[in-house]
Structures are given as structure tokens and as C-alpha cells.
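Quick mapping for you: the protein sequence lines, in order, are chains A and B.
Here the first sequence stands for residues 0 to 223, numbered as in numbering that gives the first Met the number 0.
Here the second sequence stands for residues 0 to 436, numbered as in numbering that gives the first Met the number 0.
These aren't lab readings, by the way, just hints derived from the structure by calculation.
Hints are all accurate, no fakes.
Some chain B residues flagged as far from chain A (calculated, every beta-carbon gap over 10 Å):
1) Lys-44
2) Thr-194
3) Val-419
List time: in silico SDA-like cross-link candidates among lysine to any residue, alpha-carbon distance up to 25 Å:
4) A:Lys-152 <-> B:Phe-334
5) A:Lys-164 <-> B:Met-254
6) B:Lys-263 <-> A:Ile-177
7) A:Lys-164 <-> B:Leu-244
8) B:Lys-263 <-> B:Thr-232
9) A:Lys-200 <-> A:Thr-213
10) B:Lys-100 <-> B:Arg-134
11) B:Lys-240 <-> A:Thr-213
12) B:Lys-263 <-> A:Arg-80
13) A:Lys-21 <-> B:Lys-240
14) A:Lys-21 <-> B:Thr-232
By construction, the Cβ of each residue, glycine as well, lies at the ideal position given by its N, Cα and C atoms.
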Amino acid sequence: MHILIVEDEKSLASELEHFLTKEHYRCDIAHTGRAASEKIAVNRYDFILLDLGLPDYHGLDLLNEARELEHQPAIIILTARGTVEDRIEGLSRGADDYLPKPFSLLELQVRMQAILRRKFNVKSSVLTLHGLEIDSSSRRVSYDSSEISLTKKEFDLLHYLLLHKNRILTRLQLTEHIWGNVLEDDYDSNYIDVHVKNLRKKLAAYVPNDWLETVRGVGYRLSI
Amino acid sequence: MRLQSKLTLSSAVSKVVILLLLVILLPPLIHRVALHNTDKRLLEKKEQVFDIIEERGIESFISNETDDMYGSYNLLKEEFISLEPIAAPQIDNRIENSYRKVENEVLEYRVLSLAFEVEGGTYLLEIGRSLSTIRETSDTMQQYAIYFLVAIVLLTVFIELAFVKILLRPLTLIIWRLQRIGHPDSFKPVKLGTTTTDFVYLNDTINSMMVQIKEAFLKEKEFIGNVSHELLTPVSILQTKLENLLTDPAMPEEMLVKLVESQKTLYRLKSIIHALLLISRIENEQYLKNEEVSMKTLAKDVAEEIEERVEAKRLTLDLNVTEDMTWKANYSLLFTMLFNVVNNAIKYNKPGGTVSIVGRNTDGGYTLSVTDTGVGMPEDQLPNIFNRFKRLQVPDGESYGLGLPIVETVAKFHNILLSVTSQPGSGTCFSFLFKNP
Numbered sequence: 000m001h002i003l004i005v006e007d008e009k010s011l012a013s014e015l016e017h018f019l020t021k022e023h024y025r026c027d028i029a030h031t032g033r034a035a036s037e038k039i040a041v042n043r044y045d046f047i048l049l050d051l052g053l054p055d056y057h058g059l060d061l062l063n064e065a066r067e068l069e070h071q072p073a074i075i076i077l078t079a080r081g082t083v084e085d086r087i088e089g090l091s092r093g094a095d096d097y098l099p100k101p102f103s104l105l106e107l108q109v110r111m112q113a114i115l116r117r118k119f120n121v122k123s124s125v126l127t128l129h130g131l132e133i134d135s136s137s138r139r140v141s142y143d144s145s146e147i148s149l150t151k152k153e154f155d156l157l158h159y160l161l162l163h164k165n166r167i168l169t170r171l172q173l174t175e176h177i178w179g180n181v182l183e184d185d186y187d188s189n190y191i192d193v194h195v196k197n198l199r200k201k202l203a204a205y206v207p208n209d210w211l212e213t214v215r216g217v218g219y220r221l222s223i
Numbered sequence: 000m001r002l003q004s005k006l007t008l009s010s011a012v013s014k015v016v017i018l019l020l021l022v023i024l025l026p027p028l029i030h031r032v033a034l035h036n037t038d039k040r041l042l043e044k045k046e047q048v049f050d051i052i053e054e055r056g057i058e059s060f061i062s063n064e065t066d067d068m069y070g071s072y073n074l075l076k077e078e079f080i081s082l083e084p085i086a087a088p089q090i091d092n093r094i095e096n097s098y099r100k101v102e103n104e105v106l107e108y109r110v111l112s113l114a115f116e117v118e119g120g121t122y123l124l125e126i127g128r129s130l131s132t133i134r135e136t137s138d139t140m141q142q143y144a145i146y147f148l149v150a151i152v153l154l155t156v157f158i159e160l161a162f163v164k165i166l167l168r169p170l171t172l173i174i175w176r177l178q179r180i181g182h183p184d185s186f187k188p189v190k191l192g193t194t195t196t197d198f199v200y201l202n203d204t205i206n207s208m209m210v211q212i213k214e215a216f217l218k219e220k221e222f223i224g225n226v227s228h229e230l231l232t233p234v235s236i237l238q239t240k241l242e243n244l245l246t247d248p249a250m251p252e253e254m255l256v257k258l259v260e261s262q263k264t265l266y267r268l269k270s271i272i273h274a275l276l277l278i279s280r281i282e283n284e285q286y287l288k289n290e291e292v293s294m295k296t297l298a299k300d301v302a303e304e305i306e307e308r309v310e311a312k313r314l315t316l317d318l319n320v321t322e323d324m325t326w327k328a329n330y331s332l333l334f335t336m337l338f339n340v341v342n343n344a345i346k347y348n349k350p351g352g353t354v355s356i357v358g359r360n361t362d363g364g365y366t367l368s369v370t371d372t373g374v375g376m377p378e379d380q381l382p383n384i385f386n387r388f389k390r391l392q393v394p395d396g397e398s399y400g401l402g403l404p405i406v407e408t409v410a411k412f413h414n415i416l417l418s419v420t421s422q423p424g425s426g427t428c429f430s431f432l433f434k435n436p
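Work the whole structure out from these sequences, hints included.
Here is the structure:
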């Protein structure tokens, strides 16, 4: 996977590069619109992460240029101008997704995976891990053909943990994913613990060993 | 009391005082004038009498032999003239009030007495005019004068009333305009059509001040928006840096705990920025209000979203929205508004308590209320709960949340009447009145 990061904030670009490289993506960085324009003309990228607020270029123009390319790279807009109109404008011009700054790298990764599945026409939306089946389109979870009934939030939680398996997810990252649409001034709440507790209880009846590990003072990790 | 009324009243009072003074002073004055006129007439009559005596001779009135006296008075005894011979001129030429007996009736007269010598004899001439006649005249004059004065006072008061009204019309207009300004945003400077320079000055000053206030408001709004926006990029950098460190497998666990602490601080900053941006965007009218929002659905959605929190705190959520109403609004803003209030009701509740959401048609519209059985707030805190960054004493320390300011901003944006009542120790009730259009 070859990715172009178009971002004029150098340290943000390098953090993105650092994260994505570890996730086995190959990254190029363009700090200006001109550099980005040259790079997309020459190289064949699978993903373009595009910051709309560039010093020398209007991000949307770059979006148009990328849309004219033959191989149709996936484009995710990353911007601090998070109004509804901006979002609609970006998506209507052919961007595949839109992430308002500040965003979580984990969220970015999830979105990229979703786009990839769409792009390569992966029909199956089922994740299978040691007998645990999670269907993200019908939102059902089953283990060895017996269905586990979860609430909407418990499902989201399990799905997110599974997508980032073997990685510590902090309470805040989980909270943001689950209540992202609600402006939370209670960033220090323990509601997520209640959800995890309930999820554990429900899984315990089916899943033999305790996969869902608590990392004291930090968060949770699904170790498989 | 309005200036116009005060001005009219004060002028009326001053006129009445003048009128009273005149009523008191007029009788003696008129009496004196009447006496003066009478005296003048008596002197004229005296001249006439002398003319007649000169013409006809004193004998035609009094013959020397008989030593008689002459007297004449008119039928109603209003006037009399008498002539009599006297021994020596003891009496001076004078006019005075004195009593005279005429046909067995004693009357008071104004009498001119004059001693004179003619054809060797000394005579006393007396010309009198009844005082009651004089008084009658002066009374009549007085009466007319008072009628006249009252009429003048009334007339001038009415003229002044009209005049003051016309003169003060620009002021009335300025006040009328000021009363119609709900928020400095809605102010539009208007020129005043008057020649009264004071009012022109007043209007110009108000105009320029309101424009300044309006600009300050706009700048503040823009400032908050711009600053929040500018802060998002550095926050974004910090967040990705922290996440990269957190995903580093080489990171020892005690370092992870510290990183999570930093992440908490960063999320606090993030939520403040998001809240300010949200408020700023609402205030700048960047949201549409074109969705038909059903109150029943709204309450149900919020209840569902928040259900787990209710369970986590072992509370009971009582959703009692049987009557429905649709309201043209922005659904996600209304959701945030109700969510924040219900969330507060959960947060500050007592163990085993209840949160009830009640929606029903009321006078003038539809009322949605959220009542908790929580700790409540003292009355003096109520006015501050919607202030941004006003620190409030809450059970878990201090709240610097922007949750309630957001609630207020959303309510204001939608013209929803928001009211709060609270009883320390027994609970708080937030109610939203969606007014009938």
C-alpha cells in the first residue's frame, strides 16, 4: 500500500508517517500543494491523506486533480475546518472519507480499512477469530454458531477492540469512538468500564479464556 | 412617569398656583379699583353740580330765608346729592365711607363732602353712592375675571400638552426603537428626523455606541471561532504524538500511565475547544433549522443513548412523553441540548434516584422537562449555571463544563424558553418551552 500524506504541518505529517509505516504502509510526504501535485502525477498511490488548508494550493483543487487520475486512489480529507458544509463539499467532490482534526490515529486506521474493503469488493463483513464471528453489517456476534446478544454500544466496543487487537486502547480512545457524536465534557468518566464489565460478562459464557485484558491505569487490550 | 406627562403636569401645577394667587389677590384689588372709579365719578358729579349751581344760582336749591336744605336721591337709593347751608366751613374737602339714614333705612355710602362759599353763604355739598352697588360691580368683575383666567389656564395647558408631545416625539421614537432591540446583533442605526439638536446628539451617540457593542460582539464570536480553530492543529499534533507513543510496544507500563494522564489533559482541552466551536458556530448561525423534529422521538433517542449511564448509576429513567409535537429545528443540536441536561441529571443524582423526562402540551406551546432527584443547587447559583467558565461548586468538586452554556445557546438559537428551578437536597428541574408560533 502506497500512501501520500499531504500535510503542511511537518510534525503532524511525520507522526502520521511514523504510525502508518509501523502498520506496514509505504508513505510519501508532501508539505505543499505543488509538491503533492507533482507526486500524484508521477507515482501511483493507493491512498491520499489530504489536508485542505494548504499554504499554496486549495485542497479541493488537489482533490480534483487526484480524481482525474486513472487508477483512482482513495482519498481521505483531514481538516481542521470541520463544518458540515466542508464535509459535504469534500465528499461530493469525490473524497472517500472525511476526518475532522483532531482525529485519532486508530480512527484513521479503521476508516482506511473500511475503504479498502469497499474498494476491493470484500463482500464479507465478517471478522472471524478463534471461533468468534463478528458481522459488522448485520451487527451480530456469535461463537461456535451460538449468538451472543450485545447492545449497540457493546457491539461497537467489541468491534473496535477486535479491529485493534493486541493493542492497548485507552479509555479515552474507546469513549471517543463510542460517544463520538456526543460532546463529552465528562472526559474522565468511568462509563466505559461499565460497558467493558457487561461485555466481559456476556462473553464469559462463550469465550473460554479471558481475552479482554485490563491494563491497569491505562485501558483495555484484546489479546488473541 | 413619562417625561411628557411630567412636563405637562409641572406646567399645569405652576398655572394653578398662579390662578390661586390671582383668586386670592383679585377681590381687594378689584374693590380698590371700583372705589377709585367711584371716587372719580363722585368728583365728576361734584363738577356737574357746581356747573348747575353756577347756571341757576344757589337759590334754586336753597333760599336764604328758609335756611332749608336740599336733597335728592334716586328711587333705589343708590345715589344721593344733598346741599345745606352751614355756619362755618369746618369740614374739609374729603371722600369717606359713612352711614346715612334715608327714608328710615340706614345705608352705607361712599360720600364726597365739600364745603364751599357762594353768594355770601357757606354750604356743604354731599354726593353719595351706595357701597353695596360698588360691591356688586366689583363682584361681577371678579367673577368674569376668574372665568377668564380658568379658561386661559385650561387652554394653555392643552396647547402645551400638544406642543410637548410634538417636541418629545423624537425621544419617544428613540425609546420605542431601544425597546425593540433584543440583542445588539439586531440593531440597525437609523437617522432621526428632528431639528432638536439634543435629540440628534442622543440618537447619534446611541447609534455609535450600539454599533460599537455590535462589533465587539461580532469580534468576540469570530475570535472564539478563530482561536478554537487555530488550536485544533496543535492539538491534533499532540494527539497523534501521544497515540504513537502509546502504541509503541517498547513503552514500559509506568510510562503508559503517565501518557494516559497527558491524554486526559489533552482530551479536556479538546472538549473545551469543541464546545467553544459549537457555541460559536451556533451563534454565527451556521446551523440550519429545517428538520421536522418529533419531541417523542427526540426524548426516546436521548433516553436510549443515555440508558447505560442510568444503569451504571443505578437510577431509574422515567420517560413520560405521551403527547407528541413536531418542531422545525436542527435535530442534532436539540439532541445535544437534551442529552446534556439529562446527563447532568444523572451525574448529580443520588443513589437510587430518578430522572424523569416529561413532555406535554401546555399553555402557549409544548413543554419538555427533565427533573432529577439529585443534590440540587442553592438559589444563588442558578443565574450562573449558563455562564461560560463560571466555576460552580458541585458535589464532585468544581465544574468547568461547557455543557449548560451549550444548552442555553441551542435553546436561544431555537427560540426555546429555558427555565430552571432547584431545591438544594431534593433536585433540579430544567424545562424547555417550545412556544407556539
